[in-house]
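Chemist: Let chain A serve as the given structure and place chain B on it in line with the hints.
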Amino acid sequence: MTSRQRPPLWRDVRALRVAFQIVFLAVVAATIGYFYTNLLTNLNRLGIGTSFSYLDQSAGFAISGSDFSPSESFLAATLVGVQNTATVAVLGIALATVLGIVVGIARLSSNWLVRRAAAGYVEALRNIPVLVIILFWYLAVFLQLPPIDQAVEWAGALVLSNRGLALPWVERTGGLAVFLGCLAVGVLAAVASWVWRTRRNERTGAPSHRVRWAGIVLLGALLVAFFAGGRPLGLSLPERGELGTEQGLLLSPEYGALLIGLVVYTASHIAEIVRGSILAVPKGQTEAANALALSGFQRLRYVVLPQAFRIMIPPLANQYLNLTKNSSLGVAVAFPEVTRITRIAVGQQAPAPQAIVILMLVYLGFSLAISLVTNLVNWRLRRTGGA
Amino acid sequence: MGRPRFFARLALPLTFVLLLSGCIGGTEGNQQEGRAGQTGAQAQGNTLQQVKDRGTLNCGVNNAVPGFGSVTAEGEYRGFDIDFCRAVAAAVLDDPEAVEFKPLTAEQRFTALQAGEIDVLIRNTTWTASRDGQEGATFLTTTFYDGQGMMVRADSSYQELEDMDGTTICVLSGTTTELNLASVFRARGIDHQPRTYEDNETLQQAFIQERCDGWTSDKSQLAGVRSNWPDNQGGPEALRILDETFSKEPLGPVVRDGDSQWAQVVDWVVIATIQAEEFGITSENVDQMQDSDNPEIARFLGGEDFDAGLGLPNDFAVKVIEAVGNYGEIYNRNVGPDTTLGLERGMNRLWTEGGLHYAPPYR
Chain A
1 MTSRQRPPLW
11 RDVRALRVAF
21 QIVFLAVVAA
31 TIGYFYTNLL
41 TNLNRLGIGT
51 SFSYLDQSAG
61 FAISGSDFSP
71 SESFLAATLV
81 GVQNTATVAV
91 LGIALATVLG
101 IVVGIARLSS
111 NWLVRRAAAG
121 YVEALRNIPV
131 LVIILFWYLA
141 VFLQLPPIDQ
151 AVEWAGALVL
161 SNRGLALPWV
171 ERTGGLAVFL
181 GCLAVGVLAA
191 VASWVWRTRR
201 NERTGAPSHR
211 VRWAGIVLLG
221 ALLVAFFAGG
231 RPLGLSLPER
241 GELGTEQGLL
251 LSPEYGALLI
261 GLVVYTASHI
271 AEIVRGSILA
281 VPKGQTEAAN
291 ALALSGFQRL
301 RYVVLPQAFR
311 IMIPPLANQY
321 LNLTKNSSLG
331 VAVAFPEVTR
341 ITRIAVGQQA
351 PAPQAIVILM
361 LVYLGFSLAI
371 SLVTNLVNWR
381 LRRTGGA
Chain B
1 MGRPRFFARL
11 ALPLTFVLLL
21 SGCIGGTEGN
31 QQEGRAGQTG
41 AQAQGNTLQQ
51 VKDRGTLNCG
61 VNNAVPGFGS
71 VTAEGEYRGF
81 DIDFCRAVAA
91 AVLDDPEAVE
101 FKPLTAEQRF
111 TALQAGEIDV
121 LIRNTTWTAS
131 RDGQEGATFL
141 TTTFYDGQGM
151 MVRADSSYQE
161 LEDMDGTTIC
171 VLSGTTTELN
181 LASVFRARGI
191 DHQPRTYEDN
201 ETLQQAFIQE
211 RCDGWTSDKS
221 QLAGVRSNWP
231 DNQGGPEALR
241 ILDETFSKEP
251 LGPVVRDGDS
261 QWAQVVDWVV
271 IATIQAEEFG
281 ITSENVDQMQ
291 DSDNPEIARF
301 LGGEDFDAGL
311 GLPNDFAVKV
321 IEAVGNYGEI
331 YNRNVGPDTT
341 LGLERGMNRL
351 WTEGGLHYAP
361 PYR
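Here the protein sequences line up with chains A and B, keeping their order. Residue numbers 1 to 387, in the working numbering, belong to the letters of the first sequence in order. Residue numbers 1 to 363, in the working numbering, belong to the letters of the second sequence in order.
You may find that some hints are simply not true.
Label-pair restraints from in silico Cβ distances [said to hold, decoys possible]:
1. B:G189 with A:A29: 51 to 59 angstroms
2. B:E237 with A:G230: 53 to 61 angstroms
3. B:N46 with A:V28: 29 to 37 angstroms
4. A:D149 with B:E244: 42 to 50 angstroms
5. B:Q205 with A:V191: 48 to 56 angstroms
6. B:A187 with A:I216: 51 to 59 angstroms
7. A:S69 with B:E244: 18 to 26 angstroms
8. A:S367 with B:Q205: 30 to 38 angstroms
9. A:A30 with B:N46: 53 to 61 angstroms
Some residues of chain A that are not near chain B, with every Cβ distance over 10 angstroms (derived) [what the hints assert, rightly or not]:
10. R6
11. L125
12. I148
13. N201
14. G230
15. A288
16. V357
17. L368
Partial pick of chain A residues on the chain B-facing surface, computed with a CB cut under 7 angstroms [as the list claims (entries may be wrong)]:
18. P8
19. Q57
20. S64
21. F68
22. L143
23. G174
24. A177
25. L243
26. G347
Hints listed in this document are in silico derivations from the structure and should not be mistaken for laboratory results. The beta-carbon is built from N, C-alpha and C at its ideal position, and this holds for glycine as well.
Just chain A, with the same shape it has in the complex (with noise of 0.2 angstroms):
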């Protein structure tokens, strides 16, 4: 056969290739369509509607932990999981990232007590489901805290029983227009000085202490608006009272043990990553940091850190994905996060196909938010060649 006559449809390689893709569409098609007409049939049999109009009912239920009124709708009781589950994903991200790159750094001390210690945390929580780390941290130590008639108080500014910690919080005392106007002059100083610091320094190379100068301006902003608004904001204390504590920002248990238990959990995961990403960065680079004399800090900091936080970011993303995907896990403590408040729902006559639907397109859009976020980080780091 010459290459320039084709070998018969049934035969040819190019041909079937386009064939078996359109089968197989075909058949993940009509896969899909039989079970989401099965759903329907089924739904409709059993006299249960396919519609979103439950969303508008008033939900009958009390959410713990907000001034949510049962008279309120499904759709209410949503939005307020989705903002319990945007606080724990947020926090925990934060938190769990600063704790895996400080125990990932101190696997590869050169202090033995030091290291030993980081691998022990690492290998001990890295093999625990996180269920049983969450429940480990409810059951066995923040239920375990004193009950609230014999609440722990530091300074009249903390109060720790076991039906939470409440911390002081700012209170509106007055009008805050004139407060957040000179705030925003304030910022927008901040930044300007930021920029001219920064083009001092590329121009004439000295030191730029732009951080310094824009923290400062931002301070002087921050209290000239302060006393120039009359002093709107104040700070509430917590008051222990005989049922609990009134006034300041109170932080229950089950959101102690859901934070806390998912922030260790991964940061255990972090570290493992941080770890492999130094021990990725080219040997050649920490002979040459050496060379120039630096210590091992500026070694980190200046040669080591940089070049890692670029091979870190991709996993790191997967962390946090993970993170604010098992902050579903707050159902086994009862924190009225979106997965709990969903299920309530649905026992409490919201139909389940629709709830559930709504709940994975919350947690899909958490997860592509991050994505995003770490897309860019990633896509400038690549740009700029690096930190």
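Modeler: Only chain B this time, still in chain A's reference frame:
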């Protein structure tokens, strides 16, 4: 690759695919027939036939409420609701042990019923309008008239609900108690913080650790929990149930919508236990009673060739009473004054004694 080898390599996966499609096609075909059969017969479900074909009854129950549905140390199910499951199995399958008990949480129970995982839900479930309308469920004769109560620690000072202003209250999610707590307290202007847990075990831990000041649930459930309170926490004397009953909680069996024959079957099994107590028939004298001179009793126990057209054998009442006894026996065995729960009959007496149980005539 030579032609013969190509076909030889294709032969094995091709045979495999053909066999697989044959199996799947077979079951699909059966399902199609089954569904067509259903739509043919006025879109009625055929749970009764399915249960008889399967040979066991799938009963959705509780496994954590002493007196109503719990598991003994040997792994056996015991309880008020459990006995009614056995009664249905005795009537339909002639074997009170032919039951598969499926423990469900409050959040799962209606989804499991809708999905067909269970044939009947007998799990201290309250009959409400929205459950009737929106859950694809049909509620049958109430077996236990209950109400919602509040349990507190015995050394606390709460005597009425109004005393509980500002307290934290533990409740199970997916229950009417959760909704009642919110609406009753709001109506009376009592401030509270609810803590909703998914299961009783975590809730109990939180209550023991004084995470919450009150535990609200159906009074029968609270009595059960209190009776089982561990001795190292002070035993039952460490807890107190407030006198006030602040809602109606009629508990009874639930079946799926769209299967009136099955609903009638379960309904009349329950009614039979109540009617038996009214006639004075117990598991001990049911044999003598079959020779009774009273035509009502004789008909009830399967004499006079009377077939009510329910889909049950004529002597189903005899099978039920031999298996679990009459309503009074079921009550006294599981939750009565002589048990650890110690609940008086109260509203659960027969109508002849001033209570609410009133069986329609078997005629």
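Chemist: Take the hints in turn and mark each one as holding or not.
Modeler: So, going through the hints one by one against the coordinates:
1. B:G189 with A:A29: 51 to 59 angstroms: holds (57 angstroms)
2. B:E237 with A:G230: 53 to 61 angstroms: Holds, at about 58 angstroms.
3. B:N46 with A:V28: 29 to 37 angstroms: holds (34 angstroms)
4. A:D149 with B:E244: 42 to 50 angstroms: violated (25 angstroms)
5. B:Q205 with A:V191: 48 to 56 angstroms: Hint holds: Cβ distance 51 angstroms, inside 48 to 56 angstroms.
6. B:A187 with A:I216: 51 to 59 angstroms: Taking Cβ atoms as reference, B:A187 and A:I216 lie about 56 angstroms apart, which means the hint holds.
7. A:S69 with B:E244: 18 to 26 angstroms: holds (24 angstroms)
8. A:S367 with B:Q205: 30 to 38 angstroms: Since the Cβ atoms of A:S367 and B:Q205 sit about 33 angstroms apart, the hinted range of 30 to 38 angstroms holds.
9. A:A30 with B:N46: 53 to 61 angstroms: violated (29 angstroms)
10. R6: Holds, because the least Cβ-Cβ distance between A:R6 and chain B comes to about 18 angstroms, which exceeds 10 angstroms.
11. L125: For A:L125, whose nearest Cβ neighbour in chain B is about 23 angstroms away, the distance exceeds 10 angstroms, so it holds.
12. I148: violated (7 angstroms)
13. N201: holds (54 angstroms)
14. G230: holds (32 angstroms)
15. A288: Label holds. Min Cβ-Cβ 55 angstroms, cutoff 10 angstroms.
16. V357: holds (15 angstroms)
17. L368: holds (29 angstroms)
18. P8: violated (12 angstroms)
19. Q57: The hint is violated - A:Q57 has no Cβ within 7 angstroms of chain B, the shortest such distance being about 9 angstroms.
20. S64: holds (5 angstroms)
21. F68: The hint is violated - A:F68 has no Cβ within 7 angstroms of chain B, the shortest such distance being about 10 angstroms.
22. L143: Result: holds, 4 angstroms to nearest chain B Cβ.
23. G174: A:G174 check fails; min Cβ-Cβ to chain B is 27 angstroms, beyond 7 angstroms.
24. A177: violated (32 angstroms)
25. L243: Given a least distance of 5 angstroms, the restraint on A:L243 holds.
26. G347: Interface hint status for A:G347: holds (3 angstroms vs cutoff 7 angstroms).
Comparing the model with each earlier hint shows violations of hints 4, 9, 12, 18, 19, 21, 23 and 24; every other hint is respected.
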